[in-house]
Amino acid sequence: MKRKHKRLTFVAIAGVLIAIAAALVLTAFDENIVFFRTPTDIVQNKVKEDQRIRLGGLVEEESVEQGTDGVVNFRVTDTANTVPVYFQGILPDLFREGQGVVAEGKLMNGVFVADEVLAKHDENYMPPEVADAIKDAGQWKGEGQDMNQDNGESSL
Amino acid sequence: MAMIERFANPNRFLTLTRPLVPWLGGLTLLSLGAGLYLGLFQAPADYQQGESVRIMYVHVPAAWMAMFCYTSMAISAAVGLIWKHPLADVAGKATAPVGAVFTFLALATGSLWGKPMWGTWWVWDARLTSMLILFFLYIGYMALSNAFDNPQRGAKAAAILALVGFINVPIIKFSVDWWNTLHQPASVIRMDGPSIHPSMLWPLLLMAIGYTLFYLWVLIIRMDADVTAGKIRALRQRRVHG
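Protein chains in written order, with the working numbering: chain Y, 1 to 156; chain V, 1 to 242.
Some hints could be false.
What the hints assert, rightly or not - List time: in silico SDA-like cross-link candidates among lysine to any residue, alpha-carbon distance up to 25 Å:
id : chain 1 : residue 1 : chain 2 : residue 2
1  : V       : 84        : Y       : 17
2  : V       : 156       : Y       : 40
3  : Y       : 106       : V       : 216
4  : V       : 84        : V       : 179
5  : Y       : 2         : V       : 216
6  : V       : 84        : V       : 216
Said to hold, decoys possible - Residues on chain V that point at chain Y, a partial pick, calculated with CB under 10 Å:
id : residue
7  : 150
8  : 227
9  : 228
None of these hints come from the bench; they were simulated from the model. The beta-carbon is built from N, C-alpha and C at its ideal position, and this holds for glycine as well.
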């Protein structure tokens with residue numbers, strides 16, 4: 001019995017130490033683990049010009065302008081701040097106004113020049129009829145409608 | 001404890017679990033068949049993702065099972081290290097390849113889903129990366145448990161790896177909440193209830209039940225085979241030395 005208890009204590013203490021070590025490492029690398037920066041980070045000058053980053057947020061409503069040769073201009077917002085984005089290339093299917101988006105590129109003279117644009121979708125799944133019914137009833141809480149609701153930010 | 005002691009006897013374990021094998025097999029095929037039919041043909045398309053959402057019925061339960069198998073492997077490892085139960089190492093060794101396959105399935109179907117929806121096969125965000133680490137942990141566990149001439153030393157080394165690596169499981173689960181990721185947050189196992197329509201949730205849960213039954217089915221077959229192989233080894237040795 002004694003040996004069993006000793007081993008149990010040892011495993012428990014080792015487990016706690018590993019958890020603490022992992023928490024410390026993850027906190028230390030927090031900046032590198034985030035997949036994208038927000039428009040607020042850029043506005044607050046946390047990102048240097050010419051530094052390659054990913055910018056994430058929602059595509060602002062009525063901000064998408066299609067140009068010639070696959071050029072597209074739009075604005076990315078985190079509801080607090082907004083950054084204009086320039087992109088030339090093929091957009092993913094889920095790219096649309098009000099949807100989450102992650103663009104990779106560099107900031108140049110206040111414009112984010114992206115060379116890759118990825119779509120980010122939210123955690124809501126439902127048939128189209130249900131989505132329409134909820135929208136008709138004015139109860140919509142997902143992305144792409146009311147930016148001021150808490151879902152707008154938490155689902156980024 | 002008495003309960004575990006009873007099951008820890010390999011012979012009793014064999015006589016108790018063998019009759020379950022055909023039942024588990026039948027129920028696995030039944031629930032997977034029904035789940036796939038409902039998910040792929042009956043469930044509605046998604047309002048944003050269209051028909052691509054059907055990958056979810058294969059992908060999401062596979063990711064759950066990847067974490068579930070690892071958790072049971074870590075529990076087996078703890079029981080094996082602390083209480084030295086003879087069946088604990090057998091259970092861990094039997095679980096590892098099943099968990100590795102589920103992890104691979106989650107990674108592969110996730111990649112196939114990511115391309116049309118996100119626009120990329122792979123990104124190094126926290127969720128995808130921690131899931132890839134889980135796959136390597138399974139591979140490492142299998143490699144380590146076979147790396148020693150003395151199988152008991154191999155089991156011990158692998159058990160330590162399984163326990164240390166368990167820290168990755170909560171990291172996978174909460175990666176989408178702790179950091180911003182391309183992968184969306186949880187839709188089913190979350191504080192304020194599922195954010196997925198019941199017509200899609202039921203086929204998903206049925207698939208999860210099917211995967212779980214499959215795991216138990218294969219687990220018992222593999223444990224049976226391992227215990228029997230051990231007996232044959234013992235008999236051979238007795239013949240050589242006796």
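Hint check:
1. V/84 with Y/17: holds, 23 Å
2. V/156 with Y/40: violated, 50 Å
3. Y/106 with V/216: violated, 50 Å
4. V/84 with V/179: Given pair residue 84 of chain V, residue 179 of chain V is violated - Cα atoms ~39 Å apart, limit 25 Å.
5. Y/2 with V/216: Distance ~34 Å between residue 2 of chain Y and residue 216 of chain V Cα, so the pair is violated.
6. V/84 with V/216: holds, 22 Å
7. 150: violated, 19 Å
8. 227: violated, 23 Å
9. 228: Status violated, d = 29 Å.
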